[in-house]
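**Q** So the chains spell out like this:
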Amino acid sequence: EDKVVQSPLSLVVHEGDTVTLNCSYEVTNFRSLLWYKQEKKAPTFLFMLTSSGIEKKSGRLSSILDKKELFSILNITATQTGDSAIYLCASVDSNYQLIWGAGTKLIIKP
Amino acid sequence: NAGVTQTPKFQVLKTGQSMTLQCAQDMNHNSMYWYRQDPGMGLRLIYYSASEGTTDKGEVPNGYNVSRLNKREFSLRLESAAPSQTSVYFCASSYRDLNTEAFFGQGTRLTVV
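Protein chains in written order, with my numbering: chain W, 1 to 110; chain V, 1 to 113.
Fair warning: there could be bad hints in the mix.
[To be verified] Simulated crosslink set (PhoX-like; lysine-lysine; CA at most 25 Å straight-line):
{"#": "1", "chain 1": "V", "residue 1": "9", "chain 2": "W", "residue 2": "37"}
{"#": "2", "chain 1": "V", "residue 1": "9", "chain 2": "W", "residue 2": "41"}
{"#": "3", "chain 1": "V", "residue 1": "9", "chain 2": "W", "residue 2": "105"}
{"#": "4", "chain 1": "W", "residue 1": "57", "chain 2": "W", "residue 2": "40"}
{"#": "5", "chain 1": "W", "residue 1": "3", "chain 2": "V", "residue 2": "57"}
{"#": "6", "chain 1": "W", "residue 1": "68", "chain 2": "W", "residue 2": "41"}
{"#": "7", "chain 1": "W", "residue 1": "68", "chain 2": "W", "residue 2": "109"}
{"#": "8", "chain 1": "W", "residue 1": "37", "chain 2": "W", "residue 2": "67"}
{"#": "9", "chain 1": "V", "residue 1": "9", "chain 2": "W", "residue 2": "40"}
{"#": "10", "chain 1": "W", "residue 1": "57", "chain 2": "W", "residue 2": "109"}
Worth flagging that the hints you see were computed from the coordinates, not collected in a lab. Everything numeric in this text was worked out from a predicted model, so none of it was measured.
With the rest of the complex left out, here is chain W (with noise of 0.2 Å):
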């Protein structure tokens, strides 16, 4: 069965502090993977990643893929407490089915 394990499930940290979010997947016929920012409402799309090693970034916050041990690291740097939000990944199959990690929940303190 395909699935999606993120971790940790939560996390605190404290304004400043770098943090790295981990993603594995175990999916037949892996395309992509996904990462998504949940605040208090509709998760917002982050990252895509296809190919292993290429890091994908966006001010802060970073995202690599490895296609041989089957997981991804969204990193963000310098944190701040609006970067607090539950963190979602996805793998997307060869028929574009979107499986989904249960989020880390991050927590920035000042």
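Once you've looked at the hints, dock chain V against the given chain W.
**A** Quick look at chain V alone, frame taken from chain W:
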């Protein structure tokens, strides 16, 4: 730039009542999805529609029905609501072949008492 529009935003139902959640997207997307989100369980797919005229069950379809009315609209119906269906429901849409990034509606918080 409406994107994905869901209605209503909040709803309280009594056990056994029925209701329909509405979803419309204006991005000409082929695929549309209904998810429920419960604490600690991430997003679980209820039903999806890969293209106009087709619908398929997802991970947790029991107690729900859907209609892909046209390319823009995808509705979710609860025929006889149960307390276990208390959840936050999200509609989403995406291009199927060009870009798998899914865009989400703002969610419907449903409470069944």
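**Q** Going straight from one Cα to the other, do residue 9/V and residue 40/W come out at no more than 25 Å?
**A** Roughly 13 Å separates the two Cα atoms, so the pair holds.
**Q** Between residue 3/W and residue 57/V, does the CA-CA distance stay at or below 25 Å?
**A** Cα-Cα ~17 Å, so holds.
**Q** For the pair supplied as a hint, residue 68/W and residue 109/W, confirm whether the alpha-carbon distance does not exceed 25 Å.
**A** 35 Å, violated
**Q** Are residue 68/W and residue 41/W close enough, with their CA atoms no more than 25 Å apart?
**A** This hinted pair is violated, its Cα atoms lying about 34 Å apart.
**Q** So if I understand the rule, the pair passes when the alpha-carbon distance is 25 Å or less; does residue 57/W with residue 40/W pass?
**A** Holds, because 24 Å separates the two Cα atoms, which is no more than 25 Å.
**Q** Given the hinted pair residue 37/W and residue 67/W, is their Cα-Cα distance within 25 Å?
**A** The given pair, whose Cα atoms are some 22 Å apart, holds under the 25 Å limit.
**Q** Keeping to a limit of 25 Å between CA atoms, is the pair of residue 9/V and residue 41/W held or broken?
**A** 11 Å, holds
**Q** Straight-line Cα separation of residue 9/V and residue 105/W no greater than 25 Å?
**A** 23 Å, holds
**Q** Please work out if residue 57/W and residue 109/W have their alpha carbons no farther apart than 25 Å.
**A** With Cα atoms ~24 Å apart, residue 57/W and residue 109/W stay inside 25 Å; holds.
**Q** Hey, residue 9/V versus residue 37/W, does the alpha-carbon distance stay inside 25 Å?
**A** Measuring from Cα to Cα gives roughly 20 Å; hence the hint holds.
Hints 6 and 7 from the earlier list are contradicted by this structure; the remaining hints agree with it.
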